[in-house]
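Novice: Next come the chains, spelled out residue by residue.
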Amino acid sequence: MNQFQYVRPTQQRTAITAVAKDPNATFIAGGTNLVDLMKRGVMTPQKLVDINRLPLTKIEHQKNSLRIGALALNATVANHQLVRERHPLLAQALNAGASAQLRNMATVGGNLLQRTRCPYFYDVTLPCNKRQPGSGCGALEGINRMHAIFGFSDKCIAVHPSDMSVALAALDATVLVSGPKGDRSIAFADLHRLPGDAPEKDTTLEPGELITAVEVPDGHFTRYVSYYKVRERASYAFALVSVAAALDLDGDNIVAARLAMGGVAHKPWRLAAAEQHLIGKPATEASFRQAADVAMQGAKAFKHNEYKLKLAPNTIVQALKTAAAA
Amino acid sequence: MATNPETDLPPTNHDEARRSFLRQSSLLTALALVPGPVVHAASAELDETVAAAFEKMPLKLEINGKKYKFSVEPRTTLLDLLREQLHLTGTKKGCDYGQCGACTVHVDGQRVNSCLSFAVMHEGKKITTIEGLADGDKLHPMQEAFVKHDGFQCGYCTPGQIMSAVACVREGHADSEAEIREYMSGNICRCGAYANIVAAIQEVKQGGQKV
Ligand SMILES: Cc1cc2nc3c(=O)[nH]c(=O)nc-3n(C[C@H](O)[C@H](O)[C@H](O)COP(=O)(O)OP(=O)(O)OC[C@H]3O[C@@H](n4cnc5c(N)ncnc54)[C@H](O)[C@@H]3O)c2cc1C
Ligand code: FES
Ligand code: FES
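Chains as they are written, first to last, in numbering that gives the first Met the number 0: chain W, 0 to 325; chain Z, 0 to 210.
Here chain W stands alone, though its shape is the one from the complex (with noise of 0.2 Å):
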């Protein structure tokens, strides 16, 4: 690995302005994703500008929403009543994550910021435009069974691997963040970016700016609510896919429905088109599987992952049949 400088600054300003001016600064929270680039040589950075230091860990609700501090660790979070009770689905998308003992040090905005698993970000022998750009992107005609069905460029195909994300995405959470030029909030859906031209962007995030507390609005998700995640393995593995369901049911009426998927973007993907299909219908299977086939519209397989055309809308009917069954 590397060298690099270390600091540990108690002020939110001071870790601001470090990484702010110089372009080879990094913050690190848990480490758990970039202590790992660091060792593959993936990520290099110069400086890590550690901020667990800074008050950012409270979990409280006011006003109308759940604020989540940037630094609050998964499991906390996962474990927390006023998480469990108001938003179940993101103590059950956090779950579904990594292990005890990662959850136990990823924070909240490291787990946002995650990069790519792609196995061609993750060699630093192969090509790819998002560690590399310009170098191609090897997935592209190479191993793609990971890989992105919607959103997707010619220039990357890569996934984001985030479970907390797909749940916040269907939450319609709030990022909050604090930069060299003050502080700004940005809606979920506008956190993460697709590829296009620039897959060395995951995020519309500005050099230096700190991600300081996540907002998870009040809402009627409280009951009926699926995170349902299929992988390779029972537990410990990332989403081949992942769909995020929260039904508000009056009866067997569907009065309001959110859905996201993981697995399938290069973001979370949220599927509004499908939501508002369930409005008004009755919580069935048939409900459900027209919904899917609505959420699937302009879907587009590479070669080795057609097998999520199929697995993707299994899945949505999945998840809401188990949401309208919680």
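In short, the hints are calculated from the structure, not lab data. Each statement offered as a hint is correct.
Lysine-lysine pairs mimicking PhoX-like chemistry, simulated, CA-CA at most 25 Å apart:
1. K68/Z x K46/W
2. K59/Z x K124/Z
3. K59/Z x K125/Z
4. K38/W x K55/Z
5. K309/W x K280/W
6. K125/Z x K137/Z
7. K46/W x K124/Z
8. K124/Z x K38/W
9. K59/Z x K92/Z
10. K124/Z x K65/Z
11. K55/Z x K20/W
12. K125/Z x K92/Z
13. K59/Z x K46/W
14. K124/Z x K57/W
15. K65/Z x K209/Z
16. K125/Z x K57/W
17. K147/Z x K137/Z
18. K46/W x K55/Z
19. K92/Z x K38/W
Start from chain W and add chain Z with the ligands according to the hints.
Specialist: Structure of chain Z with the ligands alone, referenced to chain W:
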């Protein structure tokens, strides 16, 4: 359980000699792999940036109840600090990338993967490794249970499994077989001793001993 006479004995001089030979030889190999001009340049032209990067940092940790002061490079992982500097080799390096759990230790009582964490990030914290679990000669109840239930074959994953298992019970995630399997999924066993590991954890949980 089959006992292995070699590993049941305290380390002999022979073992110590072998370990230090391995340490030295891996250092020599590492140096041999660096092209001569690079080594030369690094020592001859230590400019400010390089010097700053090479700088070691002071670090205070409490490990298995004892206080230590170190001087470490920031890139040293907690796992490498434990194994290479303190020779606490009970904590294993399986994958070095967070994928196996062999390196599991407790930091301030919480289980973590020590391979994915820089030691300097734990300034002032309390670390417990497998070496710190027993009470003198008296094994920890989880260690006893692993022995009783044959919770291992080759034993390589075992320190990580035991550290994780203790945390699993303390966290309250050992109420059923399914729950144990889910919350122990961060510890891979290539020998497939899972059924016996689960049995060991269930016994400790049901025995209600303090863990
Ligand atoms: C074996 C393994 C299996 C895994 N399985 C899953 C899984 O199934 N599902 C899943 O969702 N995840 C999984 N993960 C990924 C894990 O969830 C992430 O590594 C973790 O959430 C990252 O959080 P962190 O705090 O450790 O981030 P770090 O590694 O510290 O940081 C990650 C990135 O975010 C930046 N960053 C961190 N915090 C902030 C902030 N507040 N503001 C701005 N930038 C910031 C850092 O600069 C860095 O670039 C797995 C990881 C491993 C190693
Ligand atoms: S060595 Fe740390 S998880 Fe494998
Ligand atoms: S006992 Fe051999 S790896 Fe688990």
